[in-house]
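There are 2 protein chains.
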Amino acid sequence: MLEKINFVLVGTTHPGNIGAAARAMKTMGLSQLSLVQPTAFPCAEATARASGADDLLTQARVAQTLDEAIAKDTLILGTSARVRNLPVPLMNAREAAARMMQTVNSGGRVAVLFGKERYGLTNEEMERCHGLINLPTVENFSSLNLAAAVQVLAYECRMAALDAANENPLASFKAAQELEPVPHEKMASFYQHLFSVLARAGVFDRIPDTTLKRRLKLMFNRMRPQKHELDILRGILSNIEKKLP
Amino acid sequence: MLEKINFVLVGTTHPGNIGAAARAMKTMGLSQLSLVQPTAFPCAEATARASGADDLLTQARVAQTLDEAIAKDTLILGTSARVRNLPVPLMNAREAAARMMQTVNSGGRVAVLFGKERYGLTNEEMERCHGLINLPTVENFSSLNLAAAVQVLAYECRMAALDAANENPLASFKAAQELEPVPHEKMASFYQHLFSVLARAGVFDRIPDTTLKRRLKLMFNRMRPQKHELDILRGILSNIEKKLP
Numbered sequence: 003m004l005e006k007i008n009f010v011l012v013g014t015t016h017p018g019n020i021g022a023a024a025r026a027m028k029t030m031g032l033s034q035l036s037l038v039q040p041t042a043f044p045c046a047e048a049t050a051r052a053s054g055a056d057d058l059l060t061q062a063r064v065a066q067t068l069d070e071a072i073a074k075d076t077l078i079l080g081t082s083a084r085v086r087n088l089p090v091p092l093m094n095a096r097e098a099a100a101r102m103m104q105t106v107n108s109g110g111r112v113a114v115l116f117g118k119e120r121y122g123l124t125n126e127e128m129e130r131c132h133g134l135i136n137l138p139t140v141e142n143f144s145s146l147n148l149a150a151a152v153q154v155l156a157y158e159c160r161m162a163a164l165d166a167a168n169e170n171p172l173a174s175f176k177a178a179q180e181l182e183p184v185p186h187e188k189m190a191s192f193y194q195h196l197f198s199v200l201a202r203a204g205v206f207d208r209i210p211d212t213t214l215k216r217r218l219k220l221m222f223n224r225m226r227p228q229k230h231e232l233d234i235l236r237g238i239l240s241n242i243e244k245k246l247p
Numbered sequence: 003m004l005e006k007i008n009f010v011l012v013g014t015t016h017p018g019n020i021g022a023a024a025r026a027m028k029t030m031g032l033s034q035l036s037l038v039q040p041t042a043f044p045c046a047e048a049t050a051r052a053s054g055a056d057d058l059l060t061q062a063r064v065a066q067t068l069d070e071a072i073a074k075d076t077l078i079l080g081t082s083a084r085v086r087n088l089p090v091p092l093m094n095a096r097e098a099a100a101r102m103m104q105t106v107n108s109g110g111r112v113a114v115l116f117g118k119e120r121y122g123l124t125n126e127e128m129e130r131c132h133g134l135i136n137l138p139t140v141e142n143f144s145s146l147n148l149a150a151a152v153q154v155l156a157y158e159c160r161m162a163a164l165d166a167a168n169e170n171p172l173a174s175f176k177a178a179q180e181l182e183p184v185p186h187e188k189m190a191s192f193y194q195h196l197f198s199v200l201a202r203a204g205v206f207d208r209i210p211d212t213t214l215k216r217r218l219k220l221m222f223n224r225m226r227p228q229k230h231e232l233d234i235l236r237g238i239l240s241n242i243e244k245k246l247p
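Taken in sequence, the protein lines are chains A and B.
According to my numbering, the first sequence holds residues 3 to 247 in order.
According to my numbering, the second sequence holds residues 3 to 247 in order.
To be clear, the hints were calculated from the coordinates, so they are not data collected in a lab.
It is possible that some hints are incorrect.
It does not matter which identical chain is used: a pair holds within one copy or between any two.
Claimed, not checked - With a straight-line cut-off of 27 Å between C-alpha atoms, the simulated BS3-like cross-links for lysine-lysine are:
hint: 1; residue 1: 215; residue 2: 188
hint: 2; residue 1: 118; residue 2: 229
hint: 3; residue 1: 219; residue 2: 229
hint: 4; residue 1: 6; residue 2: 244
hint: 5; residue 1: 244; residue 2: 74
hint: 6; residue 1: 74; residue 2: 188
hint: 7; residue 1: 245; residue 2: 74
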């Protein structure tokens with residue numbers, strides 16, 4: 003199941019961190035690494051720090067955009083050492099790992115996003131997230147190394163996988179709750195449709211559209227529509243579209 | 003309580019690992035670092051990798067023997083990525099952290115031992131241990147980086163300390179996320195507005211409206227809009243309403 007979890011490093015500056023992250027993942031049984039616009043990759047320093055996990059580097063998917071990297075994933079989680087004031091559900095790494103197992107066990111795919119070394123994920127990047135994973139750093143020193151954050155998440159994923167293998171009687175019930183997860187690309191095209199209808203209805207005439215679009219994304223991400231529910235929303239948009247002048 | 007936990011690095015070869023370990027500890031609120039016969043210390047590379055955790059390096063106790071480093075500690079735990087065939091109680095990192103909290107809460111002091119990068123702790127070193135902490139690496143790739151092992155243990159110590167203090171750092175924030183809860187009547191009038199707009203757009207012409215209305219309610223209930231978010235939705239509905247014939 004761990005192979006369905008996609009660790010996505012966004013805009014990583016130091017290639018050594020990419021190697022160390024691959025090593026951290028492999029020790030815990032994870033294999034799917036994606037890199038969005040890495041500063042330097044492939045790179046000898048990454049391979050050196052991978053220390054035997056070079057297969058993960060060879061198979062790593064390098065993407066030009068974050069959307070491309072997570073297109074097929076149904077549960078998108080961001081990581082953050084600081085607590086952000088965004089209306090996205092917060093969870094700790096342990097809760098997140100349990101949630102990931104549910105998703106994976108019911109046929110979904112998970113993406114866990116790790117931001118740039120210096121600043122972490124931007125608010126714009128976090129718009130795609132169904133949840134934010136808060137790492138429990140102390141208040142006055144939250145400077146967690148990127149590979150260390152990857153290590154903690156990978157460790158919790160493995161613990162959750164080992165737990166799940168010990169047959170949880172609730173597992174099948176929980177799984178039924180996520181029957182038809184929606185991959186990121188479907189949500190992205192729903193947002194496109196939504197925004198084009200709203201533009202035609204004059205919604206963006208008064209409010210700056212970036213702010214409003216971000217708010218709406220965060221709201222609908224929280225809704226987490228299933229496949230048939232997304233069809234309903236699309237149907238409604240089409241209806242409205244036809245009636246608009 | 004975390005200051006009573008002594009992380010002991012035995013015979014560390016690479017000074018960079020000492021720095022990275024100090025950083026990993028400090029992010030999680032640990033401060034007591036001991037070094038038994040480090041190959042190179044102090045060292046610029048250690049300071050660089052500590053990345054702001056140099057205070058832990060300055061205060062680190064350098065010892066000539068392991069016995070000296072753990073002299074005052076009452077609970078000695080060793081770490082190991084492989085399962086050793088030694089008659090020492092095995093535990094995972096989570097169980098170990100709970101055990102450490104017990105010890106510390108009852109006035110004891112804890113030492114956690116980390117062996118050389120290449121081979122880990124020797125059997126001779128492990129003889130001092132009351133328990134062995136097994137890190138859950140996969141069978142064919144147990145090559146956990148030293149600082150990564152320190153990070154996992156430090157993380158579990160912090161989680162156990164937070165549990166013990168019953169102070170979840172996210173609790174107050176989670177509450178803040180629900181600052182503007184929406185009373186049922188507000189949601190009810192939103193639904194009325196939504197359904198009247200959808201009716202005018204012809205959405206209920208094809209689908210029986212009770213089914214569709216129920217589905218939409220379940221979806222928007224999951225979204226759990228805040229007060230200002232509900233205002234946004236109402237504003238959008240008004241916009242569309244004006245444009246409909």
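Each hint tested on the structure:
Taking the closest pair of Cα atoms, residue 215 and residue 188 come within 27 Å of each other both inside a single copy (17 Å) and across two copies (23 Å). In this assembly of identical chains, residue 118 and residue 229 lie within 27 Å of each other by CA distance neither inside one copy nor across copies; the values are 32 Å within and 33 Å between. For the identical chains of this complex, residue 219 and residue 229 are neighbours both inside a copy (17 Å) and across copies (16 Å), given an alpha-carbon limit of 27 Å. Taking the shortest alpha-carbon separations for residue 6 and residue 244, neither the intra-copy value of 40 Å nor the inter-copy value of 46 Å comes in at or below 27 Å.
For the identical chains of this complex, residue 244 and residue 74 are neighbours neither inside a copy (30 Å) nor across copies (38 Å), given an alpha-carbon limit of 27 Å. For the identical chains of this complex, residue 74 and residue 188 are intra-copy neighbours only, at 9 Å inside a copy versus 37 Å across copies, given an alpha-carbon limit of 27 Å. Taking CA atoms no more than 27 Å apart as the test, residue 245 paired with residue 74 passes in neither setting, with 33 Å inside one copy and 36 Å between copies.
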